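Let the hints inform the model, and build the full structure from the sequences given.
With the UniProt record's numbering, the residue at position 84 of the sequence shown is 84, and numbering never jumps.
Don't take every hint at face value.
Below, computed lysine-lysine pairings styled on DSSO-like, alpha-carbon distance capped at 30 Å [unchecked claim]:
#1 K136 / K157
#2 K63 / K90
#3 K157 / K140
#4 K90 / K115
#5 K91 / K114
#6 K136 / K114
#7 K90 / K136
#8 K110 / K91
#9 K114 / K157
#10 K63 / K91
#11 K140 / K110
#12 K157 / K115
#13 K140 / K115
#14 K90 / K114
#15 K115 / K91
#16 K140 / K90
#17 K110 / K63
#18 K90 / K110
#19 K115 / K136
Cβ-Cβ distance ranges computed for the label pairs, FRET-style [to be verified]:
#20 L134 / A15: 38 to 46 Å
#21 L134 / Q34: 40 to 48 Å
#22 K44 / R146: 25 to 33 Å
#23 N132 / K63: 42 to 50 Å
#24 F158 / A75: 38 to 46 Å
#25 V111 / E28: 22 to 30 Å
#26 K44 / D65: 36 to 44 Å
#27 V111 / A75: 18 to 26 Å
#28 H20 / T137: 42 to 50 Å
#29 V111 / A18: 32 to 40 Å
#30 Q96 / A15: 23 to 31 Å
#31 D135 / P73: 44 to 52 Å
#32 D70 / Q34: 18 to 26 Å
Hints listed in this document are in silico derivations from the structure and should not be mistaken for laboratory results. Fair warning: this is a prediction, and the values are worked out from it, not measured in the lab. Glycine included, each C-beta is placed from N, C-alpha and C at the ideal position.
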Amino acid sequence: MSSNVVETIQPVAQAIVAAHQFELVDVEFVREGQSWYLRVYIDKPGGINIEECAMVSDELSEKLDTMDPDPIPQAYFLEVSSPGAERPLKKEADYQNAIGQYVHVGLYQKVDGKKVFEGDLAEVTPETLTINYLDKTRHKTVVIDRQQIAQARLAVKF
Numbered sequence: 001m002s003s004n005v006v007e008t009i010q011p012v013a014q015a016i017v018a019a020h021q022f023e024l025v026d027v028e029f030v031r032e033g034q035s036w037y038l039r040v041y042i043d044k045p046g047g048i049n050i051e052e053c054a055m056v057s058d059e060l061s062e063k064l065d066t067m068d069p070d071p072i073p074q075a076y077f078l079e080v081s082s083p084g085a086e087r088p089l090k091k092e093a094d095y096q097n098a099i100g101q102y103v104h105v106g107l108y109q110k111v112d113g114k115k116v117f118e119g120d121l122a123e124v125t126p127e128t129l130t131i132n133y134l135d136k137t138r139h140k141t142v143v144i145d146r147q148q149i150a151q152a153r154l155a156v157k158f
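Below, the structure written as structure tokens:
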């Protein structure tokens with residue numbers, strides 16, 4: 001059900017966000033406890049601010065309330081926010097923009113004995129990611145098949 005909601009809402013959110021020259025980073029519809037949440041993540045160069053999130057939230061809420069049939073028949077909370085410092089990498093442009101940045105990549109299956117890699121994204125091709133990472137005190141490089149990626153995001157380096 002949540003994927004159908006996302007598929008329905010995404011183009012609506014995209015139109016509103018694009019009208020303000022913002023980027024639609026992600027849309028998710030998830031259940032947490034007894035409540036449902038429609039989360040819309042937006043960004044722009046230099047970062048998004050709370051007033052811009054509120055503006056998009058108001059416009060999206062108004063649009064969703066007028067849609068017939070109702071794309072979300074149950075009660076839910078609408079949240080519009082920035083993707084934050086640990087922004088997910090979903091689209092090809094996200095990966096390209098992350099080259100040279102510190103990333104966290106989780107895999108479906110182990111590569112070189114690990115399912116999680118954190119390091120600097122060195123290269124992106126349509127088939128692979130190359131990450132330079134530190135294994136204890138040794139600098140290593142891993143090439144990951146993109147089909148093995150469960151999730152990827154920017155990460156904060158400590």
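Now for the hints, and whether the structure bears them out:
no., hint, verdict
1, K136 / K157, "15 Å, holds"
2, K63 / K90, "25 Å, holds"
3, K157 / K140, "17 Å, holds"
4, K90 / K115, "18 Å, holds"
5, K91 / K114, "24 Å, holds"
6, K136 / K114, "14 Å, holds"
7, K90 / K136, "29 Å, holds"
8, K110 / K91, "23 Å, holds"
9, K114 / K157, "19 Å, holds"
10, K63 / K91, "25 Å, holds"
11, K140 / K110, "16 Å, holds"
12, K157 / K115, "19 Å, holds"
13, K140 / K115, "15 Å, holds"
14, K90 / K114, "21 Å, holds"
15, K115 / K91, "21 Å, holds"
16, K140 / K90, "25 Å, holds"
17, K110 / K63, "44 Å, violated"
18, K90 / K110, "21 Å, holds"
19, K115 / K136, "16 Å, holds"
20, L134 / A15: 38 to 46 Å, "43 Å, holds"
21, L134 / Q34: 40 to 48 Å, "43 Å, holds"
22, K44 / R146: 25 to 33 Å, "27 Å, holds"
23, N132 / K63: 42 to 50 Å, "44 Å, holds"
24, F158 / A75: 38 to 46 Å, "39 Å, holds"
25, V111 / E28: 22 to 30 Å, "27 Å, holds"
26, K44 / D65: 36 to 44 Å, "26 Å, violated"
27, V111 / A75: 18 to 26 Å, "42 Å, violated"
28, H20 / T137: 42 to 50 Å, "47 Å, holds"
29, V111 / A18: 32 to 40 Å, "37 Å, holds"
30, Q96 / A15: 23 to 31 Å, "24 Å, holds"
31, D135 / P73: 44 to 52 Å, "50 Å, holds"
32, D70 / Q34: 18 to 26 Å, "20 Å, holds"
Checked against the numbered hints given earlier, the structure breaks hints 17, 26 and 27 and satisfies all the rest.
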